[in-house]
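Trainee: Chain A is fixed; fit chains B and C onto it per the hints.
Residue numbers (the working numbering), protein chains in the order written: chain A, 17 to 548; chain B, 27 to 314; chain C, 124 to 439.
Quick caveat, the hints were computed from the structure, so don't treat them as lab data. Glycine included, every Cβ here is placed at the ideal spot set by N, Cα and C. Incorrect hints may have been included.
Stated by the list, open to error - These stretches of chain B come out as covered by chain C in the derived footprint (C-beta under 8 Å, 3 or more residues): (1) 64-78; (2) 161-171; (3) 287-297.
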Amino acid sequence: MTKYTCPPVFGCSRRDFLQSSSLALLGLAGSSWPRISGAGNDAVLHIRNYMDLSSLDPVSTISLAEGLVCMTIFQNLLSVRPGSHWETQLEAAEYFAQVSDTRYDFRLRPGQMFTHGYGEMTADDVKFSFERMVDPTMNSINAPEMGPFSHVEVHDRYSGTLVLHSPYSAFLTIAVAGVGGSILSRAAMMDVGGRFSTQPPCCCGPYQFRSWAAQRKTVLERNSDWNGPPAVFAEIHVYAMPDDKAGEMAFEAGQLDCAQISAEVVEPFEQAMPPDSNLHVLPSGRNFWLGMNQQNAALTDIRVRQAIQYAIDVEAVVEAAWFGLAATSNGPIPQGMLGHRPQALIPPRGDPEKARALLKAAGIALPLRLRLDCTTKARDVTAVQVMQWSLRQVGIEVSIRALEPGTFLTIGMEDRGDQWRDVQLFMQDFVGAADPYYSMTWFISEQIGKWNWERFSNAEFDRLYKLALKTSDTRAADRMYQRMQDLMEESGCYRFITNGVMPSIVRNSIKSAFRPDGYFLLREFRPADEPA
Amino acid sequence: MNQAKPQGTMARTFQALKKDPLGMTGFVLVCLILFLTVFAGWLAPHDPLEVDVHNRLSSPSAEHWLGTDQLGRDILSRVLFGGQVALKVSLVAISVAMGFGLLLGMLAGFGPRWLDRLLVAAFDTVRSFPTIMFALAVIALTGPSLNTVIGVIIITSIPVYARVVRTQTLALRERDFILAERAMGASTFRILRHHVLPNIAAPLFILASMDVPAVVGMEAGLSFLGMGVSPPTPSWGTILNDGYSYLRNSPWPIIAGGLPLIAVTLGFTFFGESLRDIFDPRLQGKDR
Amino acid sequence: MTRFLLRRLLSSLLVLWLADSLLFGMIHLVPGDPASIMLGPRATPELKAEFASRLSLDQPLHIQLGRFYAGLVRGDLGEDPFSNRKVADMVLEQLPYTLVLVLAAIGGASLLGIPLGCFSAIHRNSWLDRLTGVMSVAFIAIPSFIVALYLLLWLAVKWRWFPAMGAGSVGDYPDQLHHLVLPAIALGLGWVGYIARLVRASMLEVMEENHIRTARAFGLPERTIIIHYALRIAILPTVTILGLGIGSMLSGALFAEIVFSRPGIGRLLYEAVLGRNYPVVMGAVLVTTGFFVFCTLLADTVNALLDPRLRKEAGE
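The following block holds chain A by itself, in its conformation from the complex (with noise of 0.2 Å):
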């Protein structure tokens, strides 16, 4: 395997695909739009979600739950492309293109209009909408997702450049596909104070919301004043269901169509599976680990650390805890994005003799007690009782702590006192998102004692981050996120364990979307006797 392959996607320069592909689309938009048959026109959705609703306003949402709402209800000038690569495709604009470093030009359909009222989308909106995510007087809690964005410059009532401080590679697939690019009607949210919260004062797109009730579900409708590809559904109700196993029982007593589901059912639901359905079993984008604080005196040796890293069967960790389902990992950035590492330095099976030979060589009085924190959900717990085992059989005797998941959040935190000098070993996993640079984040010497708990800091690794951000050379910028793993990985602090895995089950009659993080797109779920 060579090292430094690039997926095909990122074998031009993200400027030039964009244009490419903006213009494919673009003949698309004049076309008429295809039309669905019949059948499927009075169909209701119910889908479940993985927690309920707090807020439906971009500058407030908290979690993925709400972005699976948001992006169903509201145009974003790009949209995330369904598959396995992170790709954009354009929305409410019909035109989209980088025209240097720091700006980035677009032209809007005509026509699209918001609903209860409040007339066509224009230039304008776009600049109220991208404006107050990043105004300061909001206290947007999106705001760190619009990176360096500055301003908008409005041309005609169409057109327009969104203006960046300084160069930010993640814009398009982050802030422009994601809900802080959502776009909302400036008069509508005048009329409502300049906030709303679960009730949207208007809409635009296929579908538009038409109510929520707190944690039980968010129902949408089909927009019928929308003039684009008309919604295939009826209704969506969308259920807040925050346990997976409530969730599985549902689908299977017919009362959903579409639900996320544990790992541990993907088998038994393969050996007898529920009628008419299908399983997805796609990757996730987050990153699981073990991580090591290296300030902490018993490990302040590497060898100490890289003990650590061998001893543990990572294969083994994914076996029990993902049950097989997900692939061991090598490093923070998932497949299918830029930056992927390929292999890992240290084999995931690990290897207990050289490990054994590491604690050796550094003159560790055996057994070497640790103590390993981790959360109590039940996968983490799993986790974590097979590295004890792994670790155990190389003279390293570590309890586990499992502390409920918001004390756990504090433990490596420097501003709650100075218990983080006491945090050894840690399983911990963050959400990814659409590039590697927001994967990354976390490892820079800036976040010690915030969300760096190992207290890695390399000059070398903090330069390359930065570097990647600004580049728009795909292919120096997947070297550099490659070399930052090696970095992570050299450096003794992590034990990576996997990416993780979104199993979902799906009715047949129905034809499912997902982004390539194994997140539904509900927008472009189908009926499945749509034709093609």
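Mentor: Okay, now just chains B and C, sitting in the frame of chain A:
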């Protein structure tokens, strides 16, 4: 009334138990469970912590009589060792809670009016705490451990016992025989010890014996919410919780965790009720 | 009786105040901040500070508590910092779901448990007594989340007699009732045995008492004796336990709410506690403790009505 010599009591207990099949069954069950858990170290066929991921969630076999869990650990061994945790949690928690409950309840019921009000307010305050929030707070403050679980259960159980004791004591307080004792100048302690205690012991004993499974169930509930004993320590609660998660893969963890729990419940309840019948002064000497 | 009620009411308020203040302090002692929990690493230090100041977390505890009570007097429980919704609205919209569930569970359990207990006591040591004993006790042993799981698996998934999730459509009462059955069974099943054993135990005891013997000696019909004399006294400890039980069930309903994806106060409180959503936690705690105190009051009053000796002792 209570003058019978210890060996006499024992003998009488056995005599009575023999006549009460349910009580005898309960007694046998309790003995069996005690035996199995106390000698878990000798009886368990495997190390309850031994991980064998590739052999996970298997059905019962000659090697693993109750199958294996999600980490390929022997469920039978985990159930045996889990019994130690269950019994430790329930016996320690219940005896401590019952002791305090008895004391505070009798104080409230027999003591001065102001003390009664104060104690009742205290009981109600503690009882009104939502268990989950209370458990979370205690665990977050002291760190997750077996002792924390026991502590949470003790604190939330004391008021239950105390309230029942208090109600019974209040009811007894104005009875003729107690008023008579008082008139004869008996000390409060004597009255409590010889008249109130034997009378309230009956419902309390039932409550306590039935609380054994309730406590184990609470431990299971706490594990379900991720606030139980620390892994990898086996407990019936965590086994049941695993069973919940992996129900579709294997029904055995629920069966293996549930059956001993049912056995413990039946055992302690019927044995407890039988004992009560034997020791209840008002039932003594009656033909059964 | 009025004086008794008044006094109990006052002490109830005291309990409420004490419990809520203690819990307020306790939840603030638990580490974790709402921004980090809800947003994970996306929570920047600025955001964390913003949330802290919006929730007055940067103030000393007694000031925060003072603000909470001051708001409470005005009928204002504050706002959820994430959704900006009124906490009072959030709590009140969830409360009916849990109340209905708890009442259905405990009502069903009493309807089954009390007669079962009486029956067992009267036919003591008959094989029927033993059978109901074994059955009811076995059900106490199974945690409600396991009961819920199997109910779902058989009655909702296999046979599809009952729906597997939710609470039914708004305004459609038969549908809501249909959705209520399984969660109520899951929550109440263990209580059937518990109540039956308690009633049986106190019945046995009461049946031996002098006034029952007297009544028997007078030749009163056994039915009258049991219902009018024995059960009336025997139910006392059960009423106390039921009062405590209903009150604590409000948060105990959580398991049923999770497994059946039902809305309710238990889930609201649980998720708010995990998210350190302090205003919502306190709003939900206020309701659960308030409800508990109310039930205790009710149990005491019923006790006093049934047994004049207690009333005399406790109040008049």
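Trainee: Would you mind marking each hint as holding or not holding in the structure?
Mentor: Now for the hints, and whether the structure bears them out:
1. 64-78: violated (count 0)
2. 161-171: holds (count 4)
3. 287-297: Contact hint for the stretch 287-297 of chain B vs chain C: holds, 7 residues under 8 Å.
Violated hints amount to a single one, hint 1; each of the other numbered hints is respected by the structure.
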